[in-house]
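Residue numbers (this note's numbering), protein chains in the order written: chain A, 85 to 286; chain P, 85 to 286; chain W, 85 to 286.
Don't take each hint at face value.
The list makes no distinction among identical chains, and a pair is therefore deemed to hold if it is satisfied within one copy or across any two copies.
To be verified - The calculated lysine-lysine pairs, modelled on BS3-like cross-linking and capped at a C-alpha distance of 30 Å, are:
no. : residue 1 : residue 2
1   : Lys-231   : Lys-278
2   : Lys-173   : Lys-278
3   : Lys-193   : Lys-231
4   : Lys-173   : Lys-283
5   : Lys-173   : Lys-231
Because the hints were derived from the structure by calculation, they are not lab data.
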Amino acid sequence: MSLELLLLFADRIGTFVFALSGGVAAVRRDMDLFGVITLAFLPAVGGGTLRDLLLDEPVFWLADPWVLGIAAAGGVVAFVAATPVDNFKPLRWADAAGLALFAVTGAAKAQELGYGMPIVLLMGTITATFGGLLRDVVANREPLVLKEDIYATAALFGALIYWLLSLSPLTEALAFAGGFAGALLLRGAAIVWKWSLPKPRA
Amino acid sequence: MSLELLLLFADRIGTFVFALSGGVAAVRRDMDLFGVITLAFLPAVGGGTLRDLLLDEPVFWLADPWVLGIAAAGGVVAFVAATPVDNFKPLRWADAAGLALFAVTGAAKAQELGYGMPIVLLMGTITATFGGLLRDVVANREPLVLKEDIYATAALFGALIYWLLSLSPLTEALAFAGGFAGALLLRGAAIVWKWSLPKPRA
Amino acid sequence: MSLELLLLFADRIGTFVFALSGGVAAVRRDMDLFGVITLAFLPAVGGGTLRDLLLDEPVFWLADPWVLGIAAAGGVVAFVAATPVDNFKPLRWADAAGLALFAVTGAAKAQELGYGMPIVLLMGTITATFGGLLRDVVANREPLVLKEDIYATAALFGALIYWLLSLSPLTEALAFAGGFAGALLLRGAAIVWKWSLPKPRA
Numbered sequence: 085m086s087l088e089l090l091l092l093f094a095d096r097i098g099t100f101v102f103a104l105s106g107g108v109a110a111v112r113r114d115m116d117l118f119g120v121i122t123l124a125f126l127p128a129v130g131g132g133t134l135r136d137l138l139l140d141e142p143v144f145w146l147a148d149p150w151v152l153g154i155a156a157a158g159g160v161v162a163f164v165a166a167t168p169v170d171n172f173k174p175l176r177w178a179d180a181a182g183l184a185l186f187a188v189t190g191a192a193k194a195q196e197l198g199y200g201m202p203i204v205l206l207m208g209t210i211t212a213t214f215g216g217l218l219r220d221v222v223a224n225r226e227p228l229v230l231k232e233d234i235y236a237t238a239a240l241f242g243a244l245i246y247w248l249l250s251l252s253p254l255t256e257a258l259a260f261a262g263g264f265a266g267a268l269l270l271r272g273a274a275i276v277w278k279w280s281l282p283k284p285r286a
Numbered sequence: 085m086s087l088e089l090l091l092l093f094a095d096r097i098g099t100f101v102f103a104l105s106g107g108v109a110a111v112r113r114d115m116d117l118f119g120v121i122t123l124a125f126l127p128a129v130g131g132g133t134l135r136d137l138l139l140d141e142p143v144f145w146l147a148d149p150w151v152l153g154i155a156a157a158g159g160v161v162a163f164v165a166a167t168p169v170d171n172f173k174p175l176r177w178a179d180a181a182g183l184a185l186f187a188v189t190g191a192a193k194a195q196e197l198g199y200g201m202p203i204v205l206l207m208g209t210i211t212a213t214f215g216g217l218l219r220d221v222v223a224n225r226e227p228l229v230l231k232e233d234i235y236a237t238a239a240l241f242g243a244l245i246y247w248l249l250s251l252s253p254l255t256e257a258l259a260f261a262g263g264f265a266g267a268l269l270l271r272g273a274a275i276v277w278k279w280s281l282p283k284p285r286a
Numbered sequence: 085m086s087l088e089l090l091l092l093f094a095d096r097i098g099t100f101v102f103a104l105s106g107g108v109a110a111v112r113r114d115m116d117l118f119g120v121i122t123l124a125f126l127p128a129v130g131g132g133t134l135r136d137l138l139l140d141e142p143v144f145w146l147a148d149p150w151v152l153g154i155a156a157a158g159g160v161v162a163f164v165a166a167t168p169v170d171n172f173k174p175l176r177w178a179d180a181a182g183l184a185l186f187a188v189t190g191a192a193k194a195q196e197l198g199y200g201m202p203i204v205l206l207m208g209t210i211t212a213t214f215g216g217l218l219r220d221v222v223a224n225r226e227p228l229v230l231k232e233d234i235y236a237t238a239a240l241f242g243a244l245i246y247w248l249l250s251l252s253p254l255t256e257a258l259a260f261a262g263g264f265a266g267a268l269l270l271r272g273a274a275i276v277w278k279w280s281l282p283k284p285r286a
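Just chain A, same shape as in the assembly (with noise of 0.2 Å):
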């Protein structure tokens, strides 16, 4: 399998599994499958989409409309097994990917572009985040991304080494590797271990 084919496949695997906590949101708030689908959408496709407005370049799912169909699956299964979906360990860990991988996406994809490393860090973390935050909103709760755990850290951290590897002789391949073990490795960290960041003192 080449990279390229490689990174899709990923990409695939985590935009379901985004649209999965979507869903699984979505039920726990008695919502009803067009609430279901909608909340699935959030994640999976919402900080792709900001980042793409805010950089001015054509949103990715209007020439890739599969993603649409794979978030809206991701509603589907979460609509008909919200329960089991939630209890299923090892989606924390497919989540942390998808975070990690979205992290250096929306990364390389400011970098791409020329910008230097404040609006590419601030693009890798939209990309990894700003969907989850999205999908609270919208659900009327309080973003748990805001609250809780090493969450956007990570993936800012994953956007930091990618930055950093990419200004290296290092080819993009392995910067993109970098970047994403990077934020993988912190947001394991933090579920293993339950790391969060400091609150302030009330």
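Chain A is fixed; fit chains P and W onto it per the hints.
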């Protein structure tokens, strides 16, 4: 009256009725005049605005600011007469007609730009329903469109009928009328017989 | 100091003060460091970002990422010192000045692009207030700007004064100063005498 003039007229009515729904929601949340007008804007122009941003088209009201005046007028009417507006039953049917109209105009815009079925259906649905979703998110209540009733589904159905007919040798006007009628009939049936989409077993 | 430099300086201060408001809101909602910085970004750059997306202009901070650093700095300050920041009364006046400034710069951007009164006023108001609205929506609290106080109205008023003066033979700088003063005076009066917009009788 020419077809174009009729459509323009219907679009104005739809905008006004959608604005009323936002204004009434704002009054119910004890908002002030600015809040009522802001919440009138969201359902009135929010869906079409998002559609245009996603399609990278100029936002429709930039070239037609009358729409903004009509939305503001809907807000003012809701401000001074929220309870009679809310109790005025025929408004449900005007809202259904607005939903059907925006579903078809949104779908037609994507169709004209050359997009295929998934984008056409998505844009029809977004144009018709996303503004109402924004209204509920900003009013900090759970989005009704995601929980109850056949509403967004009627928009999706109308967009589908339009898309199917636009492949046939029928004229654009007939495809338009068919999509409009399809959405209106399904929404009307849902109002009369209180149809809802299935919900997951919790 | 030239006028341009003064404006740039004022813009930086306004961004920082708006960021503080978001950061403090996040601390009050028990968010972690990432959440505090995210909520600092929303009021600091959210309004101008939406304005640029709607006008199909390049998002302003893409070419000026220092803005992002200033917004992040506001978040960090709120994180370590939310209570003193919140109790520091002069900040209300800095916030009022930020509101007045963003109203005029937002209006001026639309004006320069050749738009008429409705769009100029709308963009002034959006630039000045939409970020605060986003802050409240993401923090899952009812948007204060829609309920209390003369706030958005002051932005609208400043944009109107600017627009009127820009039609007169006065220089752009004077139109700018007039709009700024108008918004600041109205907002200041609302702070001192606790003015509010009318609310509907429920």
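Now the hints, each set against the structure:
Proximity of Lys-231 to Lys-278 under the C-alpha cut-off of 30 Å is restricted to the intra-copy arrangement: shortest distance 13 Å within a copy versus 34 Å between copies. Taking identical chains as interchangeable, the C-alpha atoms of Lys-173 and Lys-278 lie at most 30 Å apart only when both belong to the same chain, with a minimum of 15 Å there against 39 Å between chains. In this assembly of identical chains, Lys-193 and Lys-231 lie within 30 Å of each other by CA distance solely inside one copy; the values are 28 Å within and 36 Å between copies. For the identical chains of this complex, Lys-173 and Lys-283 are neighbours both inside a copy (27 Å) and across copies (25 Å), given an alpha-carbon limit of 30 Å.
Both within a single protomer and between protomers do Lys-173 and Lys-231 lie at most 30 Å apart by alpha-carbon distance, with minima of 21 Å and 28 Å respectively.
Checked against the numbered hints listed earlier, the structure breaks none of them; every hint is satisfied.
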